[in-house]
Each structure stands twice: as structure tokens, then as C-alpha cells.
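Colleague: Chain residues, written in single-letter form:
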Amino acid sequence: GAGVSQSPSNKVTEKGKDVELRCDPISGHTALYWYRQSLGQGLEFLIYFQGNSAPDKSGLPSDRFSAERTGGSVSTLTIQRTQQEDSAVYLCASSLSGGDTQYFGPGTRLTVL
Amino acid sequence: GDSVTQTEGPVTLPERAALTLNCTYQSSYSTFLFWYVQYLNKEPELLLKSSENQETDSRGFQASPIKSDSSFHLEKPSVQLSDSAVYYCALRDRGDYKLSFGAGTTVTVRA
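Chains H and Z, in that order, are what the protein sequence lines are. If you're matching positions, the first sequence starts at 1 in the working numbering and goes up one per residue. If you're matching positions, the second sequence starts at 1 in the working numbering and goes up one per residue.
A few of these clues could be false.
Partial chain Z-side listing against chain H, Cβ under 8 Å, derived [stated by the list, open to error]: (1) Tyr-29; (2) Tyr-97; (3) Leu-99.
Simulated pairs of lysine to any residue, SDA-like, Cα-Cα distance not exceeding 25 Å [said to hold, decoys possible]: (4) Z/Lys-49 - H/Lys-15; (5) Z/Lys-42 - H/Pro-8; (6) H/Lys-15 - H/Leu-60.
Reference listing, derived: stretches of chain Z covered by chain H, where coverage requires no fewer than 3 residues with Cβ under 8 Å from a Cβ of chain H [to be verified]: (7) 38-47; (8) 101-111.
None of these hints come from the bench; they were simulated from the model. Backbone N, C-alpha and C define an ideal beta-carbon position, used for all residues, glycine too.
So that you can see chain Z by itself, here it is in the shape it has in the complex:
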């Protein structure tokens, strides 16, 4: 079955630092890849999504799917306090509908 592996957290970093969260996946099929973000006491919301080999950008975050090593790392060059949240990497096989999520990474940005 499908599986998603993420950077183990928690991750703590200062404002304006660069953030990279690793995500690798296993799937037998062509996939859509996603990053969801969950702020404290809120529901998960879509941060960005990508079909393979297309870079996407949202709220200053970028993710570049690399098919050769099955990765979809999330990056932001300069984080803000408001980026503190739990970040989930997820995939959906083409032709399927359910999402397979990683365990999530808690990110805390400190002043």
C-alpha cells in the first residue's frame, strides 16, 4: 500500500530562518502530492498540491516533487511566527480519492 514518511519532529527554529521539511513516499501508481497545514485547534487545510514534476508555491512555501527519489520536500526561505503549526505530507493515487497522510511534523517558530 501507499506510505508517506516525514521529517521527525518537533522542529523549532527562529524567525526568518529557512525551513525544510522532508517527505518521501511509496506508491505503486502515479500520484498527486499535497502538503496540509494544521494550526493549533484548527482543522487541517490545504497548503499546496502538485502533480509530479511541477513545482508549486503557496504562502511563501514551495515544494518540488522529484520522481527519481519519490520526494516532495517542503521549503520556506524565511519563516514567520504565524508558520507555527503541524505540517502533513499526503498523497493520492491517480484514479483514487482517499488521501494517505504522513505522521505530521510540528513546527514552532520562536521570536
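Extracted from the complex, chain H is given alone in its bound form:
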């Protein structure tokens, strides 16, 4: 079956611009996660959605970052007024429910010039 998909695969933007990153989870998965993978570092948790519950935003690094999940499926991660330190690969993952095995998407490579 189809895995987690993300778009765009690559995004180059100028400092100060806003960007939106999209994630389509595996069909039927109620839990969705965003992680950030910076060069030479591990994966850093950003935000978690589970069904209709309020999301866990505890990993978002600043108020420039926000995410939403519409209809319990597709999620969008928005970064406002991008900074060079935001350059990273943004990975989305989904699982059948919270705590189950997480399946990752191919990621969006964001480059802020």
C-alpha cells in the first residue's frame, strides 16, 4: 500500500519568507508526527497529532512554527519568517495509533538562503 508522502521534496526559499510543507499519512493511521533532521544531528521531535485530540506542540522550536491537520488526515507544517537555521530535512511519520510503529515519509529538504 501507499506509504507516507510529503511535498515538496525540496524547497529553497529566501530568509524571511513563509513556507508550507505537506504530509499525507498512511490511510487509516490516526497518529501523525513531524520531526526535523538537521545536518549531522539526529531527528528532533516537533509536533504530534492523534485523532481529534489537541496536538502536542512541545517540540516546536519557536512561535514561527505551526502545524495543522485537517480532517484527521493531511497535515501542513508552516514556518513563518524563515531563518537560515531552519534549513533541515523535515520528516513526517504516521502510525496506526499513538505509540505504534512509526512509518516515515521521504521528507522535505528545506534550504533557507
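Once you have looked at the hints, place chain Z on chain H.
Modeller: Leaving out everything else, chain Z in the frame of chain H:
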């Protein structure tokens, strides 16, 4: 908070050599432990997982959680060229859902 520490890379070894990647962790809670593997230009995928005190095996890799020293080392007795990848150790607290990852170790297997 939780933290995971891994063998510093990169690690380069010949085919058929034995591989051991160290992983130690700190957590205030009972945990699930994982190894994820990320091949070049691919997304991370689960290699194996274990609750405490249970050895697991996948694709010839083994990991034995040792609660007494909070470790979850990854081992493979004989590596192949296709094992070249970045390996991440991760943990999840029981009752939680998010994964805490180590920094990853790049492994290169040479012919």
C-alpha cells in the same frame, strides 16, 4: 528529559566484519527501545524494537537491552555492503508516543 547517546561515527569496516554500535540512554520511565536505519536518500525505517529484557533480531542484526546499564547495543556478526547506512538508536517512554533519537552513526562497509 530523555536522552540517547550513540557510538560516534563514522564507522568503516570491511565486508564480513563484525559490527557493534553502542547506545546508552537516560530516562526516568520504563521505555521501549528502537534501532532505525536510514539508507542513502531514503527515509528512516524501523530495523528492530524491544521492550526491556528481551532480545530482538532483524536482518541479521541483534540488540539486547540491558537495564542495569541502560544500554541497547546493536550487533551484527558479519556485515554486507548493503548494510552501509546511518543507524539511529531511539527510545519511547511507556505511555508516551514521541521518539527521542540519538545523533546517528554512519556505517560504511567496504569491499
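Colleague: Hint numbers the structure violates, sorted upward?
Modeller: Of the numbered hints given earlier, those the structure breaks are 1, 4, listed in rising order.
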